[in-house]
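K.L.:
Here is what each chain is made of, one letter per residue.
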Amino acid sequence: MSKLITISPSPHVFGSQSVGRLMYGVILALVPALLVSVFFYGMGAIIVTLLSIGFCVLFEFLIQKFILKTEVRISDGSAMVTGLLLAFNVPSNLPWWIIMIGALIAIGVGKMTFGGLGNNPFNPALVGRVFLLISFPVQMTSYPVPGGLNTGYVDAVTGATPLGIIKEGLKSGLSISDLMKEVPGYLDLFIGKMGGSLGEIAAAALILGFLFMLFRKIITWHIPVTMVGTIALFTGILWLINPDKNADPLFHVLTGGVLLGAIFMATDYVTSPMTPKGMIIYSIGIGAITVIIRVFGSYPEGVSFAILIMNGFVPLINRYIKPKRFGEEVKHG
Amino acid sequence: MLKTFAKGGIHPPENKLSAHVTILDLPVPKTVSIPLSQHLGVPAVPVVDKGDAVKAGQLIAKSEGFVSSNIHSPVSGKVVKIDKVPDTSGYKKNAIVIEVEGDEWIETVDRNGDLINTFDYSREEILKKILEAGIVGMGGATFPSHVKLTIPRGKKANYLIINGVECEPYLTADHALMMQKGEEILVGTMILKKVLDVDKALIGIERNKPDAIEHLTRLSEKYPGIEVYPLQEKYPQGGEKQLIKALINREVPSGGLPIDVGTVVHNVGTAFAVYEAVQKNKPLIERVLTVTGKSISKPSNFRVKIGTPISDVIEAAGGLPEDTGKIISGGPMMGKAINDLSVPVTKGSSGILILPEPEAKRKKIDPCIRCSRCINVCPMGLEPYLLMSLSQKNLFERLENEKVMDCIECGSCSYTCPSNRPLLDYIRLGKVNVGKIIRSRK
Amino acid sequence: MSSVVLFTIVSLSVLGVLSAIILFFVAQKFKVFEDPRIDQVEENLPAANCGGCGFAGCRNFAEALVKSESFDGLYCPVGGNETMEKVAQILGREAVAQDPKVAVLRCNGACDFRPKTNQYDGASSCAIESALYGGDTGCQYGCLGLGDCVDVCNFDALHMDPVTGLPVVNDTNCTACGACVDACPKDLFELRKRAKKDRKIYVACRNEDKGGIARKNCEVACTGCTKCFKVCPYEAITMNNNLAFIDADKCKLCRKCVPECPTNAIIEIGFPPPKIKEPADVEATDGKTGPAETIMKESKESINNKEE
Ligand code: SF4
Ligand code: SF4
Numbered sequence: 001m002s003k004l005i006t007i008s009p010s011p012h013v014f015g016s017q018s019v020g021r022l023m024y025g026v027i028l029a030l031v032p033a034l035l036v037s038v039f040f041y042g043m044g045a046i047i048v049t050l051l052s053i054g055f056c057v058l059f060e061f062l063i064q065k066f067i068l069k070t071e072v073r074i075s076d077g078s079a080m081v082t083g084l085l086l087a088f089n090v091p092s093n094l095p096w097w098i099i100m101i102g103a104l105i106a107i108g109v110g111k112m113t114f115g116g117l118g119n120n121p122f123n124p125a126l127v128g129r130v131f132l133l134i135s136f137p138v139q140m141t142s143y144p145v146p147g148g149l150n151t152g153y154v155d156a157v158t159g160a161t162p163l164g165i166i167k168e169g170l171k172s173g174l175s176i177s178d179l180m181k182e183v184p185g186y187l188d189l190f191i192g193k194m195g196g197s198l199g200e201i202a203a204a205a206l207i208l209g210f211l212f213m214l215f216r217k218i219i220t221w222h223i224p225v226t227m228v229g230t231i232a233l234f235t236g237i238l239w240l241i242n243p244d245k246n247a248d249p250l251f252h253v254l255t256g257g258v259l260l261g262a263i264f265m266a267t268d269y270v271t272s273p274m275t276p277k278g279m280i281i282y283s284i285g286i287g288a289i290t291v292i293i294r295v296f297g298s299y300p301e302g303v304s305f306a307i308l309i310m311n312g313f314v315p316l317i318n319r320y321i322k323p324k325r326f327g328e329e330v331k332h333g
Numbered sequence: 001m002l003k004t005f006a007k008g009g010i011h012p013p014e015n016k017l018s019a020h021v022t023i024l025d026l027p028v029p030k031t032v033s034i035p036l037s038q039h040l041g042v043p044a045v046p047v048v049d050k051g052d053a054v055k056a057g058q059l060i061a062k063s064e065g066f067v068s069s070n071i072h073s074p075v076s077g078k079v080v081k082i083d084k085v086p087d088t089s090g091y092k093k094n095a096i097v098i099e100v101e102g103d104e105w106i107e108t109v110d111r112n113g114d115l116i117n118t119f120d121y122s123r124e125e126i127l128k129k130i131l132e133a134g135i136v137g138m139g140g141a142t143f144p145s146h147v148k149l150t151i152p153r154g155k156k157a158n159y160l161i162i163n164g165v166e167c168e169p170y171l172t173a174d175h176a177l178m179m180q181k182g183e184e185i186l187v188g189t190m191i192l193k194k195v196l197d198v199d200k201a202l203i204g205i206e207r208n209k210p211d212a213i214e215h216l217t218r219l220s221e222k223y224p225g226i227e228v229y230p231l232q233e234k235y236p237q238g239g240e241k242q243l244i245k246a247l248i249n250r251e252v253p254s255g256g257l258p259i260d261v262g263t264v265v266h267n268v269g270t271a272f273a274v275y276e277a278v279q280k281n282k283p284l285i286e287r288v289l290t291v292t293g294k295s296i297s298k299p300s301n302f303r304v305k306i307g308t309p310i311s312d313v314i315e316a317a318g319g320l321p322e323d324t325g326k327i328i329s330g331g332p333m334m335g336k337a338i339n340d341l342s343v344p345v346t347k348g349s350s351g352i353l354i355l356p357e358p359e360a361k362r363k364k365i366d367p368c369i370r371c372s373r374c375i376n377v378c379p380m381g382l383e384p385y386l387l388m389s390l391s392q393k394n395l396f397e398r399l400e401n402e403k404v405m406d407c408i409e410c411g412s413c414s415y416t417c418p419s420n421r422p423l424l425d426y427i428r429l430g431k432v433n434v435g436k437i438i439r440s441r442k
Numbered sequence: 001m002s003s004v005v006l007f008t009i010v011s012l013s014v015l016g017v018l019s020a021i022i023l024f025f026v027a028q029k030f031k032v033f034e035d036p037r038i039d040q041v042e043e044n045l046p047a048a049n050c051g052g053c054g055f056a057g058c059r060n061f062a063e064a065l066v067k068s069e070s071f072d073g074l075y076c077p078v079g080g081n082e083t084m085e086k087v088a089q090i091l092g093r094e095a096v097a098q099d100p101k102v103a104v105l106r107c108n109g110a111c112d113f114r115p116k117t118n119q120y121d122g123a124s125s126c127a128i129e130s131a132l133y134g135g136d137t138g139c140q141y142g143c144l145g146l147g148d149c150v151d152v153c154n155f156d157a158l159h160m161d162p163v164t165g166l167p168v169v170n171d172t173n174c175t176a177c178g179a180c181v182d183a184c185p186k187d188l189f190e191l192r193k194r195a196k197k198d199r200k201i202y203v204a205c206r207n208e209d210k211g212g213i214a215r216k217n218c219e220v221a222c223t224g225c226t227k228c229f230k231v232c233p234y235e236a237i238t239m240n241n242n243l244a245f246i247d248a249d250k251c252k253l254c255r256k257c258v259p260e261c262p263t264n265a266i267i268e269i270g271f272p273p274p275k276i277k278e279p280a281d282v283e284a285t286d287g288k289t290g291p292a293e294t295i296m297k298e299s300k301e302s303i304n305n306k307e308e
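Chains as they are written, first to last, in our numbering: chain A, 1 to 333; chain B, 1 to 442; chain C, 1 to 308.
No lab work stands behind these hints: they were computed from the structure.
Just so you know, nobody snuck in bad clues.
Partial list, computed: chain C residues near chain B (C-beta under 10 Å): (1) A123; (2) I128; (3) D209.
Cβ atoms here follow ideal geometry from the backbone N, Cα and C, with glycine treated the same way.
Using the sequences and the hints, build the whole thing.
P.N.:
Here is the structure:
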């Protein structure tokens with residue numbers, strides 16, 4: 001043999017999964033929701049999405065190449081996922097420069113300052129979104145009304161989200177039964193015909209993405225199911241206590257980024273706990289905080305904050321919630 | 001659902017290329033080199049000298065202490081040297097090199113192939129025969145069998161488990177052995193049952209070997225107390241702890257032995273070796289192994305004399321392919337890559353696997369994305385990502401608390417990691433270091 | 001409005017003062033008496049926290065120094081005699097001077113001399129490679145070249161030479177803390193007594209194989225031929241397991257052994273170029289630039305050292 005043979009410790013065969021495959025899987029799972037958004041919000045959705053992805057990838061490239069001077073790893077798709085998710089969390093009429101700031105914060109502050117992929121404690125897309133929400137509250141909460149494919153970009157007609165309508169209405173003393181007439185019906189909520197952030201509206205499409213990711217074993221059921229379940233449970237209890245002041249659980253689950261958050265944001269590998277038990281605790285926390293913000297807080301929507309808050313607890317959860325070790329308790333029989 | 005173990009596990013492509021190939025006898029090589037340490041424990045001590053003539057089956061090295069094993073000459077010939085020879089690790093270890101001359105056997109060995117299925121030796125006699133024959137665990141762990149069969153005082157075995165799982169991809173030696181020596185394995189099992197004084201022996205076989213399951217189930221009707229259980233395919237079901245969990249749903253406690261939950265596990269190959277030792281007085285001087293690989297022209301199962309150079313075995317399977325990238329002694333998950341074809345077959349060699357060039361290389365290491373796949377597949381309920389980083393940082397105390405010593409080195413974590421992180425490499429290092437600390441404490 | 005502000009300020013100040021008082025008493029009550037000399041001693045230590053003294057950090061070492069009766073077995077290799085002298089003054093004790101040392105790598109198996117026999121493809125760590133394999137050359141004793149030693153060196157005294165694939169010690173930076181000695185799984189580093197002008201003569205090989213085998217796997221291996229052993233006038237060379245070893249304490253750096261070595265396994269560093277070197281030897285060294293020769297060019301003079 002002319003060439004040298006290789007030696008290495010075992011194992012000698014490996015699975016076919018890779019970071020890139022996982023990330024592109026997530027992107028694929030997001031496509032249906034994107035299509036629905038384009039259908040309702042027209043060009044704006046496409047422009048915002050492309051800008052956001054473009055800026056995220058660009059900033060990641062620039063930071064890796066010129067500031068950190070490390071290996072450029074934009075091809076692993078993680079910056080693309082961040083960009084896509086950031087776009088999904090903003091209104092489809094957001095001006096380009098705000099998107100750019102959002103991407104810079106998401107990638108620069110949310111991800112790279114901590115050492116890049118795998119080290120960031122907070123979901124970068126959410127860091128970007130929350131920053132924008134606080135800095136540009138007007139632009140970030142003037143949601144275009146679904147107007148079909150020809151809806152313009154920045155000049156789109158805007159309106160409130162269903163959750164916003166309810167919140168404002170309750171403040172001015174109206175009851176839920178009155179307000180329910182003003183918000184879209186359940187079918188519309190399910191297919192996504194409502195005002196809201198670009199990607200959060202299409203319940204059906206998001207669930208499709210969830211099933212796809214489950215099937216491809218990209219994520220497990222724990223976080224989405226527990227989180228949605230917790231929100232439904234708590235809002236359900238409130239609803240049973242006083243159906244006049246609280247919307248029903250189905251409404252809560254279908255509106256505001258609950259599904260987007262549960263399926264795509266909270267499940268982010270890096271910022272969620274490592275063990276199934278930890279994941280369940282984490283998503284119960286997110287659910288509970290979301291409901292508290294929605295019902296008692298001043299924002300109509302609380303998923304982003306809830307996820308970020310629970311992200312902060314992840315290291316603690318990882319430290320103390322351990323998988324069940326084999327042979328821990330001796331069973332007989 | 002068929003039985004299997006509860007937590008973790010993977011199912012790599014099986015690639016059992018030689019599954020239905022009949023076991024062939026490999027011709028006796030010209031020289032054999034027999035390492036003195038082919039088992040776990042203290043190396044054996046040579047009882048022959050350079051220049052001595054030896055017969056096949058003759059004791060050439062004596063076990064040194066309880067956890068050690070006798071070694072016999074697999075051939076007749078002359079001892080040409082007792083010297084350091086590289087073993088599979090590339091380190092040189094002491095070995096006895098014998099040049100083959102003629103084919104003389106010691107008289108006691110019964111070389112007739114007929115089945116003898118009755119025996120009436122006492123437990124002590126059987127144990128003595130097993131000890132003398134130098135039998136070790138044939139699944140690859142090479143733990144001296146007599147040690148496992150000596151039940152510590154105060155403990156009692158209620159089950160004997162025979163491991164016919166062969167969950168490693170590619171390997172088929174046990175499968176072939178079960179098909180061709182099924183009855184001998186069952187007699188061996190009866191003998192082991194007697195030694196352990198148990199009523200029940202369970203044979204676990206994964207369902208990817210339906211013919212073996214069927215064959216042994218049929219044969220076992222004649223042997224009271226032996227039951228064959230089909231198992232779902234899942235790696236590392238062949239690990240003792242996982243097999244016990246799968247078959248009788250008991251968990252060996254951390255740091256414990258199977259006997260702590262009332263079982264003893266032996267491999268089918270060991271059962272066969274026990275049969276030969278007890279019924280035929282034949283010491284452990286040959287074993288069945290698989291030679292396989294996608295570009296090997298004739299994937300085969302051979303019965304090979306211990307000490308045969310691996311190059312001879314590969315030659316018999318059609319020679320080393322052009323695109324060879326890695327040569328592995330054992331299976332692809334737990335086997336050892338070797339760099340020298342002159343290393344000998346030992347008691348623990350279950351197979352030789354040739355991986356072609358592109359498959360031989362590891363992929364680029366990416367940062368951990370904390371996807372928790374490694375945790376999900378770890379059959380021992382450990383957190384490989386954490387163990388790796390603790391090991392890199394030399395945090396031995398935490399490593400110990402995180403139960404690094406429980407790792408069975410199955411490699412499921414490294415197999416699964418999408419970032420191709422060398423998890424097991426570092427965990428193994430951590431185990432070595434923590435092991436040293438634990439030992440120094442005593 | 002202003003009453004609210006006032007109230008806030010007053011209540012916060014009261015709370016602040018209260019907690020300060022509580023903290024003060026708690027701190028008094030739980031104060032542990034610490035020998036003030038520990039701090040003094042610590043100030044004089046190099047604060048490298050390298051563990052070269054065998055303790056977890058400089059503070060632990062300072063504690064040990066203060067507590068123990070004598071300086072037996074307590075020595076800070078980084079600070080050296082000077083530091084130990086100062087510490088001795090603080091504690092009113094006698095410092096025992098030790099010879100300063102420097103790390104040397106006892107392997108010269110650069111890629112040119114030692115052909116690879118396989119490719120190692122596991123995690124990049126010498127400890128991991130060596131736990132499972134002899135290495136990627138025929139020599140199971142030699143340097144693996146993955147740089148575990150470079151990783152542990154706190155003083156920037158080691159770096160990998162990309163040409164030879166071997167680590168190179170920077171004598172100026174090396175403090176002889178011994179981190180590399182512990183890190184090298186092949187035990188190739190030795191702390192040798194520093195000689196004048198950092199001269200050294202040592203056998204850069206640890207191969208215990210028989211001569212022929214050693215030579216086959218590495219051109220510059222010590223074959224155990226005993227030529228140097230026979231020529232040494234000071235009995236500084238010992239032969240063990242087919243391997244020569246030069247004792248730095250006995251070696252007078254006379255350089256007689258160097259030309260004797262048929263494989264150039266004995267390395268001399270820091271000496272002027274040999275005046276009357278036989279052509280044969282010049283040839284042997286020419287053309288191949290091992291680390292020894294490279295360094296030799298840098299330094300004008302010679303005579304060397306050893307360890308203890
Ligand atoms: S940590 Fe050990 S037992 Fe767990 S999967 Fe990895 S190798 Fe197997
Ligand atoms: S499988 Fe790999 S990437 Fe995933 S958590 Fe484990 S080490 Fe990290």
